[in-house]
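Asks: Single-letter residue listing:
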Amino acid sequence: MKAEIKHRPDYAALHVVLDQGEKVVCEPGAMMGMDPALKMETNMKGGLLGAMARKLAGETVFLNTYTSTGPAQQLDLAPSTPGDMVEVGLSGGAVRVQRGSYVAHFGDVEISAKWGGAKAFFGGEGLIMLEARGTGTMWMASYGAIHQIDVKDAYTVDTSHIVAFDESLTFTVNKIGGMKSLFLSQEGLVCRFTGKGRLWIQTRNAPALAGFLQPFRRVQKSN
Amino acid sequence: MKFDIQYRPAFALAIAKLDAGETVIAEAGALVSMDSHVTMETSAGKKDDSLMGSLFKGLKRMVAGESFFQNRFTAKGQAGEVTFAPTHAGDIEVYTLESSKTLYLQSSSYVCSGEDVKIDPKWGGAKSFFGGEGLVMLKATGSGPIVFNSFGGIKLVEVDGKFTVDTGHIVAFEDGIQFKVGKFGGGWWSFLLGGEGLVCNFTGKGKLWVQTRNPQAFGQLIGQKLPPRQA
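From first to last, the protein sequence lines stand for chains A and B. Number 285 in this note's numbering belongs to position 192 of the first sequence; there are no gaps in the numbering. Number 74 in this note's numbering belongs to position 42 of the second sequence; there are no gaps in the numbering.
Just so you know, the hints here were simulated from the structure itself, not pulled from any lab data. Predicted, not measured: the structure shown is a model, and the values here were computed from it. Please note that the accuracy of each hint is not assured.
Claimed, not checked - Restricting the straight-line Cα-Cα distance to at most 35 angstroms, the calculated cross-link-like pairs of lysine-lysine (DSBU-like) are:
(1) B:Lys108 <-> B:Lys212
(2) A:Lys99 <-> B:Lys49
(3) A:Lys245 <-> B:Lys108
(4) B:Lys108 <-> A:Lys207
(5) A:Lys99 <-> B:Lys212
(6) A:Lys314 <-> B:Lys257
(7) A:Lys268 <-> B:Lys108
(8) A:Lys245 <-> B:Lys34
(9) B:Lys49 <-> B:Lys154
(10) B:Lys34 <-> A:Lys289
(11) A:Lys268 <-> B:Lys150
(12) A:Lys99 <-> A:Lys289
(13) B:Lys34 <-> A:Lys99
(14) B:Lys212 <-> A:Lys268
(15) A:Lys268 <-> B:Lys194
(16) B:Lys171 <-> A:Lys268
(17) B:Lys49 <-> A:Lys245
(18) B:Lys49 <-> A:Lys268
(19) B:Lys237 <-> B:Lys187
(20) A:Lys289 <-> B:Lys108
(21) A:Lys289 <-> B:Lys212
(22) B:Lys133 <-> B:Lys212
(23) A:Lys99 <-> B:Lys187
To be verified - Anything over 12 angstroms on all C-beta distances counts as not near chain B; from chain A, calculated:
(24) Gly114
(25) Ser184
(26) Ala187
(27) Phe199
Yeah, the Cβ is synthetic: ideal placement off N, Cα and C, and Gly gets one too.
This is chain B alone, in the form it adopts within the complex:
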């Protein structure tokens, strides 16, 4: 499986090139187009999971803010391509996961992955609660490509020591980094009035990707101006 990312950075498109019989797994709703000999199947878990196991996986993903089901695209009989795009304007990155490593992803940043990459919601407990939904992270283990997207541009930060990011701007980070959610450094007064909200304090060594726009801030800006919806 190879990925070609085109139309970067503002309206990136991920093109997955599959060998005959290969499968790519994608976030529900991400499909743009595909060769007609590529088939799609919807499942909550992996194909070999029992019904209960599969349902449980689906529920866990829903808690993480991901859709309950994932779609599996398989090139039948011959090589084929599938293209994916996220909802938001922005960039796409491909990361190659090795079996000894773990990648944490903000749940809405996940686009698609190889069949040998396992995606699990990592419920961070209280720190996720305080961090808002954005900090319910997905944990990717296994090996193979994993594709994620940003709202706006993607900035790579090589963390070595300490680094602080606004929770709404986190995209992904490697497992060499620990995180702790806290309020912005300026004390309670600036927390309440400074408009900076919650931040994530990272420590350790590894790669961290941040996005140059914040989906929640954008949603609030536009959503408040739309006519109200019925309760």
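Pulled out of the complex, with its shape left as it was, chain A reads as follows:
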């Protein structure tokens, strides 16, 4: 398998070349172009229960597996937002990825939905994460640039800017400031990470763009 992220940083896309029998698993809808000789299968990752959990996490239930039927077959994958992509190497541990940022993986990697429990509820849909565990490579995408922070102690991120983080980091979802800030600051909830590990954040967020566009919608007159 050879992989290269091209068209960085504004409109990154993943170019993969697979040898006979090699497989890449990806988010349905990510396929941009492919060698028609590649064999595509749709699987429920982690069995039915895993699929249900992924459904609840807002991810599509199914992942697509592309298997090469000969030497040097090509596959091009693209995320839905303008922005960058990064490759993350996994060597037995796990990385938690914001739903929507997961693009694809290669190797012995299991994808599952992770429940944050009550804190996920308070964090809104954005804080139900996917977990990529195993040995291999994962590719993920951001809206805007991806900024990596090596957390040594503690670090705080607006929830809508989180892309992914190492499982070695623990987090709590908090409001910042006092009660007045909660209602007036227009800052949403933040995630406070503690521990030591990698954290990836994105420099733009989709809810803010949707909020900007809201007043431009036509108004439907009520009868």
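Starting from the structure of chain A, add chain B where the hints point.
Replies: Frame of chain A, contents of chain B only:
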């Protein structure tokens, strides 16, 4: 306080490096991330303002299309960083204000500033009315860094004499330049049919920053295609 702007020009991120005890003031909603020993406080005015004074400042800002409240981020006990980003795809610039100077900013271009920079809405009266909301400008005085963003790229124009800019493309300009809003030069016919709308005619000498995309035009393009909202 130092600013490092990364990921230019399409998806710029402003990283504010604060010394212990330093404060950076930011547009509500601009926060991306921060060290955990940085605290945030929300206020309508400066900390030493009276309640009424503070409320009045907040209201003035709201008229200017800025959010009513600003957030103050302070590094407690040790140096720390805070990062900010605007809503739109585009670039970020840092301008250092000197006490004898004034910088005018399109209200949606403001990101954050040092504690000694005073931000006031400058209500331009009738000319702002005709210029649409985009021409209600913020007036920045005092001293220290002020950070602004563009939708698209930022183009610096060294005005010496006259220069004309479409109102939706203005980002900021120095106080050596006067502006007057008018219709595009081609007469009423082209004003109505030419799609150029209103322009700002600048005269004088100073720096002017324009953005290579127009947020209103983008909002209209996408907004019209979204399902209607309830009245």
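Asks: Compare the structure with each hint and give your call.
Replies: To see whether the hints hold, each was checked on the structure:
1. Taking the CA atoms of Lys108 of chain B and Lys212 of chain B, the gap is about 45 angstroms. The hint is violated against a cut of 35 angstroms.
2. For the suggested pair Lys99 of chain A and Lys49 of chain B, the alpha carbons sit about 32 angstroms apart, so the restraint of at most 35 angstroms is met.
3. Straight-line distance between C-alpha atoms of Lys245 of chain A and Lys108 of chain B comes to about 18 angstroms, which keeps the hinted pair within the 35 angstroms bound.
4. Pair hint Lys108 of chain B plus Lys207 of chain A holds up; C-alpha atoms about 34 angstroms apart against a cutoff of 35 angstroms.
5. Between Lys99 of chain A and Lys212 of chain B the CA atoms are separated by roughly 46 angstroms; this puts the pair beyond 35 angstroms, and the hint is violated.
6. For the hint pairing Lys314 of chain A with Lys257 of chain B, the CA-to-CA distance comes to about 17 angstroms; that is within 35 angstroms, so the pair holds.
7. In summary, the hint linking Lys268 of chain A to Lys108 of chain B is supported, as the alpha carbons are separated by about 18 angstroms, within the 35 angstroms threshold.
8. Distance check on the hinted pair: Lys245 of chain A and Lys34 of chain B sit about 22 angstroms apart at the alpha-carbon level, within 35 angstroms; holds.
9. About 29 angstroms separates the Cα atoms of Lys49 of chain B and Lys154 of chain B, which keeps this hinted pair within 35 angstroms; it holds.
10. The suggested pairing of Lys34 of chain B with Lys289 of chain A holds, with an alpha-carbon distance near 26 angstroms, which does not exceed 35 angstroms.
11. Between Lys268 of chain A and Lys150 of chain B, the direct Cα distance comes to roughly 27 angstroms. Compliance with the 35 angstroms bound is thereby established for this hinted pair.
12. For the hint pairing Lys99 of chain A with Lys289 of chain A, the CA-to-CA distance comes to about 30 angstroms; that is within 35 angstroms, so the pair holds.
13. With a C-alpha separation of about 33 angstroms, the suggested pairing of Lys34 of chain B with Lys99 of chain A holds against the 35 angstroms cut-off.
14. A distance of roughly 44 angstroms separates the Cα atoms of Lys212 of chain B and Lys268 of chain A; the hinted pair therefore is violated under the 35 angstroms criterion.
15. For the hint linking Lys268 of chain A to Lys194 of chain B, the alpha-carbon distance of about 49 angstroms lies beyond 35 angstroms, and the restraint is violated.
16. Taking the CA atoms of Lys171 of chain B and Lys268 of chain A, the gap is about 31 angstroms. The hint holds against a cut of 35 angstroms.
17. For the hint linking Lys49 of chain B to Lys245 of chain A, the alpha-carbon distance of about 17 angstroms falls within 35 angstroms, and the restraint holds.
18. Our distance criterion of 35 angstroms between C-alpha atoms is met by Lys49 of chain B and Lys268 of chain A, whose separation comes to about 22 angstroms.
19. Note on Lys237 of chain B and Lys187 of chain B: the hinted pairing holds, with a Cα-Cα distance of about 16 angstroms set against a maximum of 35 angstroms.
20. Restraint check for Lys289 of chain A and Lys108 of chain B: satisfied, since their Cα atoms lie roughly 21 angstroms apart, inside the 35 angstroms limit.
21. Between Lys289 of chain A and Lys212 of chain B the alpha-carbon distance is near 55 angstroms, which puts this suggested pair outside the 35 angstroms criterion.
22. Of the supplied pair hints, the one linking Lys133 of chain B and Lys212 of chain B holds, its CA atoms being roughly 20 angstroms apart against a limit of 35 angstroms.
23. Restraint check for Lys99 of chain A and Lys187 of chain B: the C-alpha separation of about 27 angstroms stays at or below 35 angstroms, so the hint holds.
24. Even its closest Cβ contact with chain B, about 38 angstroms, leaves Gly114 of chain A beyond 12 angstroms, as expected for a residue assigned away from the interface.
25. For Ser184 of chain A, the non-interface assignment is confirmed: its Cβ lies about 27 angstroms from the closest Cβ of chain B, beyond the 12 angstroms cut-off.
26. Distance check for Ala187 of chain A against chain B: the nearest CB is about 22 angstroms away, which clears 12 angstroms, and the non-interface claim stands.
27. Interface exclusion of Phe199 of chain A from chain B stands, the closest Cβ pair being 27 angstroms apart, more than 12 angstroms.
Taken one by one, the earlier hints fail for this structure at numbers 1, 5, 14, 15, 21, listed in ascending order.
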